[in-house]
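> Kindly produce the complete structure, drawing on both the sequences and the hints.
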Amino acid sequence: MRHLGVLAGMIFLLFFGCRLSFDGYIQIYNYDEHDYRVELRRQPDDKIVETLDLKRYPRFESMDYFEDIPEGWYYLSVFRDMGDTETDRTTAFFMEEDDRRCYLIEDDGTIDPC
Numbered sequence: 035m036r037h038l039g040v041l042a043g044m045i046f047l048l049f050f051g052c053r054l055s056f057d058g059y060i061q062i063y064n065y066d067e068h069d070y071r072v073e074l075r076r077q078p079d080d081k082i083v084e085t086l087d088l089k090r091y092p093r094f095e096s097m098d099y100f101e102d103i104p105e106g107w108y109y110l111s112v113f114r115d116m117g118d119t120e121t122d123r124t125t126a127f128f129m130e131e132d133d134r135r136c137y138l139i140e141d142d143g144t145i146d147p148c
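Numbering of the sequence shown is given in our numbering, commencing with residue 35 and proceeding in unit increments.
Be aware that a few hints might be false.
Distance ranges between label pairs, derived from CB positions [stated by the list, open to error]:
#, residue 1, residue 2, range
1, 115, 84, 17 to 27 Å
2, 146, 93, 18 to 28 Å
3, 89, 136, 15 to 25 Å
4, 89, 118, 15 to 25 Å
5, 67, 131, 32 to 42 Å
6, 104, 142, 27 to 37 Å
7, 97, 117, 32 to 42 Å
By construction, these hints were calculated from the structure, which means they are not laboratory data.
Ideal Cβ positions, reconstructed from N, Cα and C, are used throughout, including at glycine.
As C-alpha cells, this is what we get:
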C-alpha cells in the first residue's frame with residue numbers, strides 16, 4: 035500500500051510539476067506577421083506589472099503567458115514591432131486568485147479574447 039502512495043505521488047509530480055501555483059495566468063497568442071510587445075498593466079494606476087515579447091506567427095515564440103498574477107484589476111496593452119505606439123488594449127478585467135484567461139493578437143494588431 036505504501037508503494038502505491040509513492041507511485042501516485044511520482045505520477046502527480048510528473049504531470050503537474052514540482053511547483054503548484056494557485057495564482058492566475060493569462061495566455062497570449064500572436065497570429066500576426068509582426069512581432070509584438072504586450073504589457074500587463076494594473077488598471078488603478080496604469081503601472082506595468084510585466085512585459086512579454088511575442089515573435090511573429092508561425093514560430094515557437096509566438097505564444098507566451100503571464101503567470102502568478104495576484105488578484106486585482108488589469109488590462110493588456112499591445113505594441114507592434116516592439117515600438118512605442120499602442121495598437122490596441124483590452125478593457126479592464128478582474129483577475130481572481132485562480133483565473134485563467136486567453137487572448138490572441140489578430141493580423142491587424144488588435145487583441146481579443148480566445
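> Among the hints numbered above, which are violated by the structure, and what are their numbers in rising order?
7
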